[in-house]
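Starting from the given sequences, assemble the full structure and let the hints guide the process.
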Amino acid sequence: MYYVACEVTGGLRESEATVSVEDVDGAKAFLRVERDFVHKPNGQAYLPIGLIHVDQQAKTALIELPHEADSGVNRLWVNVDKLKLANQIEQLV
Amino acid sequence: MILCDREIRAAMDRQSLRIQPIPAPHLWTSTALDLTLDGQIRRWKDPSTAGMQSVIVPASKEFNFTELADKHTDTVDYTQVGHYDLKPKEFILGWTFERIQLPHASRIAARVEGKSSLSRLGMGVHVTAPTIHAGFGYDPARPDVLQPIQLEIWNVGTLTIRLIKGMSICQLIFEEVHGTPDKGYRGMFASQAQHLIAAENKNSPG
Chain V
0 MYYVACEVTG GLRESEATVS VEDVDGAKAF LRVERDFVHK PNGQAYLPIG
50 LIHVDQQAKT ALIELPHEAD SGVNRLWVNV DKLKLANQIE QLV
Chain C
0 MILCDREIRA AMDRQSLRIQ PIPAPHLWTS TALDLTLDGQ IRRWKDPSTA
50 GMQSVIVPAS KEFNFTELAD KHTDTVDYTQ VGHYDLKPKE FILGWTFERI
100 QLPHASRIAA RVEGKSSLSR LGMGVHVTAP TIHAGFGYDP ARPDVLQPIQ
150 LEIWNVGTLT IRLIKGMSIC QLIFEEVHGT PDKGYRGMFA SQAQHLIAAE
200 NKNSPG
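Protein sequence lines correspond, in order, to chains V and C. Position 48 of the first sequence, counting from 1, maps to 47 under numbering that gives the first Met the number 0, and the rest follow consecutively. Position 197 of the second sequence, counting from 1, maps to 196 under numbering that gives the first Met the number 0, and the rest follow consecutively.
Quick caveat, the hints were computed from the structure, so don't treat them as lab data. By construction, the Cβ of each residue, glycine as well, lies at the ideal position given by its N, Cα and C atoms. Take the hints with a grain of salt, since some may be wrong.
Claimed, not checked - Pair ranges (Cβ atoms, derived):
| hint | chain 1 | residue 1 | chain 2 | residue 2 | range |
| --- | --- | --- | --- | --- | --- |
| 1 | C | 190 | V | 25 | 24 to 32 Å |
| 2 | C | 166 | V | 14 | 19 to 27 Å |
| 3 | V | 58 | C | 55 | 30 to 38 Å |
| 4 | C | 179 | V | 41 | 27 to 35 Å |
| 5 | C | 181 | V | 9 | 41 to 49 Å |
| 6 | V | 9 | C | 175 | 35 to 43 Å |
| 7 | V | 23 | C | 198 | 14 to 22 Å |
| 8 | C | 112 | V | 58 | 37 to 45 Å |
| 9 | V | 14 | C | 59 | 24 to 32 Å |
| 10 | V | 41 | C | 198 | 13 to 21 Å |
Unchecked claim - Now the stretches of chain V that chain C is said to cover, found in silico as 3 or more residues with beta-carbon under 8 Å:
| hint | region |
| --- | --- |
| 11 | 0 to 9 |
| 12 | 25 to 37 |
| 13 | 44 to 58 |
| 14 | 83 to 89 |
See the structure below:
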């Protein structure tokens, strides 16, 4: 499992959070998830995502969000340094 | 292929799909499960009377629906009253009481659909977005976190429809996905990707 760094704000209900994920161009994709879905091991929030492709040279990755973002995208390119592996998240807890 | 009630039950038994709480026996049909309405909704305000800008640009790369909803909707919790009267032409956002999870490795996707008893009154529960993709609500690190389904509820009929907390509001139809999606595929690519991510993160504090 993979995780992407994100920012968290309030959702439409108490149990929800709005998360934003920054793409390689600096644009933020917003979506709402259950608050417990977001990991916050050391103050930095991470969202579980699917990893579709990695560009080794550009050090960018095509990820799939848990569901469609407000802008309509399901997949977006992010910088690899925004990603974490499951065991890295566990080590930060 | 649509799953029948026995296949849905078998998938639940092997945790290939999870629903909490499990719908009562009377909420099952041969090829679908009814889900029920939770007690909190978001009600859209009329922008013409609220004096708000009513042109929105959802194609914007940084479109933030939460921000928009905070300006244009009210939160209504009708749990104490027990019902909410949905007026003609009214549009609200609601949620199912049940929470679901579709692990992508299970190869199961779902569709949320309306119920004919409500449809013939002019009421709908989604606005052309019924698909629940394989992987919905799934994080292996937190398998006990499930997600409710958000509903877009509208009334194009001529009568006010009373919504009652816990009423059957929609039905969920499960479908088998052929093959494993890229998102859940584990091949040689995975180890290459893991190596790069680990290398890029080794000096990163968080």
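Okay, the hints, checked on the actual structure:
Taking 24 to 32 Å as the suggested C-beta distance range, the pair residue 190(C) and residue 25(V) conforms, at roughly 30 Å. Between residue 166(C) and residue 14(V) the beta carbons are some 21 Å apart, a value that agrees with the proposed interval 19 to 27 Å. Residue 58(V) and residue 55(C) have their C-beta atoms about 35 Å apart, which keeps the hinted 30 to 38 Å range intact. Range check, residue 179(C) to residue 41(V): about 32 Å between beta-carbon atoms, so the 27 to 35 Å window is met.
For residue 181(C) and residue 9(V), the hinted distance range of 41 to 49 Å is not satisfied, since their beta carbons lie about 32 Å from each other. Between residue 9(V) and residue 175(C) the Cβ separation comes to about 37 Å, which falls inside the hinted range of 35 to 43 Å. In this structure the hint that residue 23(V) and residue 198(C) lie 14 to 22 Å apart at CB holds, the actual value being about 18 Å. Separated by about 43 Å at the C-beta atoms, residue 112(C) and residue 58(V) satisfy the suggested range of 37 to 45 Å.
The hint said 24 to 32 Å for the Cβ distance between residue 14(V) and residue 59(C), and at roughly 27 Å that hint holds. Our hint of 13 to 21 Å for residue 41(V) and residue 198(C) holds, since their Cβ atoms are close to 20 Å apart. Residues of the region 0 to 9 of chain V with a Cβ under 8 Å from some Cβ of chain C number 4, which satisfies the need for three, so the listed coverage holds. Using a Cβ-Cβ cut-off of 8 Å, 9 residues of the region 25 to 37 of chain V lie near chain C, which meets the minimum of three, so the contact claim holds.
A stretch counts as covered by a chain when three or more of its residues have a beta carbon under 8 Å from one of that chain; for the region 44 to 58 of chain V and chain C the count is 8, and the coverage holds. Under the rule that three or more residues need a Cβ within less than 8 Å of chain C, the assignment of the region 83 to 89 of chain V holds, with 6 such residues.
In this structure, only the earlier hint numbered 5 is contradicted, and the remaining ones agree with it.
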